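*Asks:* Let the sequences and hints guide you as you build the complete structure.
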Amino acid sequence: MEKLFISRDSLKKLLDRLARNLNLVAPVKDPEGIIMFGPVADAGQVLLEYQNSTLPPKSFFFPQTERLFKFSYGQEGMALEDMCGSDKRVLFGVHPCDLKSILSLDPVFAGAYKDPYYINKRENSAIIGLACSNPSPGCFCATFGFGPDDGEGSDIMLTPSGKGFDADVLTDKGQEIVASYKDLFEKAGDSPRIAGETRLTVKKLDLTGIKELLDGNFELEYWNQVFEKCLGCGICTYVCPTCHCFDIYDSSKGGCDGERYRSWDSCMFTHFTMMAGGHNPRPSKKERVRNRFMHKLKYHIDRYGLAGCVGCGRCVKSCPVNIDIRRIISDLGEVSRNGQL
Amino acid sequence: MREIARDLLESGQVNLVIGYGRGTGILRTTPVFIRKPSDAGQLVYNPLCGNNLVKYLLDQRNKEGRAAVCVKGCDSRAVNRLIQDRQIDREKVYIIGLPCGGILDPDRVEGAVDPGEEIKETVISGEGYDLITAAGKYSFTMAGAGSEKCSTCQNHNPVVYDVMAGDPSDTPDIKDDGFDDVRKIEEMTVEQKSAYWDRQFSRCLRCYACRNSCTACSCRECVFDQVNTGWVSRSSNLSENTAFHLIRAFHVAGRCVDCGECERVCPVGIPLRVLNRKILMDLKDLFNTATPGLTPDGERVLGQFSADDPEEFM
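Same order as they appear, the protein sequences are chains F and C.
The first sequence begins at 3 in our numbering and counts up one residue at a time.
The second sequence begins at 2 in our numbering and counts up one residue at a time.
Derived by calculation from the structure, the hints in this document are not laboratory data.
In this text, all values refer to a predicted model and were calculated from it rather than measured experimentally.
Certain hints may be false.
As the list claims (entries may be wrong) - Simulated pairs of lysine-lysine, DSS-like, Cα-Cα distance not exceeding 30 Å:
#  : chain 1 : residue 1 : chain 2 : residue 2
1  : F       : K31       : C       : K185
2  : C       : K194      : C       : K285
3  : F       : K184      : F       : K15
4  : F       : K5        : F       : K300
5  : C       : K37       : F       : K287
6  : C       : K37       : C       : K121
7  : F       : K288      : F       : K205
8  : F       : K205      : C       : K138
9  : C       : K93       : C       : K121
10 : C       : K64       : F       : K287
11 : C       : K138      : F       : K287
12 : F       : K288      : C       : K194
Stated by the list, open to error - Residues of chain F clear of chain C, computed beta-carbon distances all greater than 10 Å:
#  : residue
13 : I36
14 : T67
15 : G79
16 : E230
17 : C247
18 : S268
19 : F271
20 : R284
21 : E289
22 : I303
Built from N, CA and C at the ideal position, the CB exists for glycine as well.
*Replies:* Printed below as a string of structure tokens:
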């Protein structure tokens, strides 16, 4: 790993040049004050310090709606046109929780089952991480064994330091960027890294006993105390950086052609597990709410050995009825210790 | 409120009280479902009780017994609307009225208070509130930190209730809503309006929180869940998102009580309320009607037939 430094001015130059030469995606604030990752034309719009974006950057690897292929039927039979492919791009300013979430998605889409759409975007993207210098009160990334300055998952990790940023070059992709713009980087100095202090402010929740509790108890009286207020909307799953469920549809405007696309789906929706025959194995909000937390705290760990939650706090902030995964974690801890709340 | 809830449950008048409970942190409260008299102490009421709990009455529609629900003025209009729509039976609900001097917007309070703190007491003070916590007193004015919707509030006290918890609010109701928010958008050129709404709707996630929190959305199966019919596709893009929001706005026309839940719950800040208020404003202009749900037997502009209707558009 190479340790470099980039001044604020140089970073702006870097962003300008990246935007000119490649596709640059970075956190920006729209006129309504909503922070989202989006394509940017120059450094001017890019936020260099922000509390977590309203939506995570996952849609740049797994878009909410993604066209898979076109089909047409003529005298020659069925013809298919593949729509897989993406331009080279740089994702800038990704916080450690979102970096971790991409690592959590990798085994889903690029593990035993290879998803070419995801893999293509992943391979064509370089990620410049940005340490979180002002974590929001809802953040609890420390719970999952990392902190607001953890660079794993990035190609280059920036951490505020002195009058600029320390830049840890972590991968070959990162090296390529540095090599292309080496005039902008300098040798790392010894100014202390600012994000080192913020690590202390992020909450660390106790996960002791929760996985074991859920392993042994599919049915828990506790869920009866949680589900009733759920409105059954998809906010928590759609703002979640690790949720990855989708459904596949064909659409045709008549005639002999059309296209197949996939769109995010949510386990909180009534129809999510609806079977063709009309049976729904998760008939009420109780089963659906339970599934979401089982997925975050158990199933993802069972399948991939990775946490299904990265503590970004987005669902905490956005849930309209205050179903708070931090509360669920502390409650389940209590249940595992005392058998009840 | 706690005493009322305890008495109702103890005497068996109701088997459920739906109210507000302590949320996680000072900025939030959370809906609670109280079934045991001894749990009534969980109920809280403070200026961060934003949710309209009337939506939950729809879940109780086909259940045994009577449910009590805590309502603020704006929420109470939804009770009337649901009764008028025969969605709920007046005999099966017990309404605990809550006086309200306005609700604080958590986004506008955040930053001023340590979110880990808890409200010990709320004091109405001048044009706002003092929130007393263990760390001290935090003062907020409605003008500085209030919810946008409260600036046009026409019912600081419920319009329908079985019992009031506390003295009625003496905050003056707004009698003539100027619909400034709607007019601001109406003043835009067609191109500006189009660009404005395109920007809003392109952010939409189609999470359906606006629909699921809406008391006017009481369909057993929503048209937007009928994917196989082809009315609207599941793909999220500007065209489909626009169709979703416009169809929804028209569908709740004359039934929207302007409680503002759709806008409150939207995770990406789409100003949905102004869309519904445009229709509300037109209904008032065209039919000289009150906000839906204002009275128990109020007219239903788009839900009744009159032989005298001029039908000038036919």
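*Asks:* Hint by hint, note whether the structure agrees.
*Replies:* Here is what the structure says about each hint:
no.: 1; hint: K31(F) - K185(C); in the structure: holds, 23 Å
no.: 2; hint: K194(C) - K285(C); in the structure: holds, 22 Å
no.: 3; hint: K184(F) - K15(F); in the structure: holds, 12 Å
no.: 4; hint: K5(F) - K300(F); in the structure: violated, 37 Å
no.: 5; hint: K37(C) - K287(F); in the structure: holds, 22 Å
no.: 6; hint: K37(C) - K121(C); in the structure: holds, 24 Å
no.: 7; hint: K288(F) - K205(F); in the structure: holds, 28 Å
no.: 8; hint: K205(F) - K138(C); in the structure: holds, 25 Å
no.: 9; hint: K93(C) - K121(C); in the structure: violated, 34 Å
no.: 10; hint: K64(C) - K287(F); in the structure: holds, 16 Å
no.: 11; hint: K138(C) - K287(F); in the structure: violated, 39 Å
no.: 12; hint: K288(F) - K194(C); in the structure: violated, 42 Å
no.: 13; hint: I36; in the structure: violated, 5 Å
no.: 14; hint: T67; in the structure: violated, 4 Å
no.: 15; hint: G79; in the structure: holds, 25 Å
no.: 16; hint: E230; in the structure: violated, 5 Å
no.: 17; hint: C247; in the structure: holds, 13 Å
no.: 18; hint: S268; in the structure: violated, 7 Å
no.: 19; hint: F271; in the structure: violated, 8 Å
no.: 20; hint: R284; in the structure: holds, 15 Å
no.: 21; hint: E289; in the structure: holds, 15 Å
no.: 22; hint: I303; in the structure: holds, 24 Å
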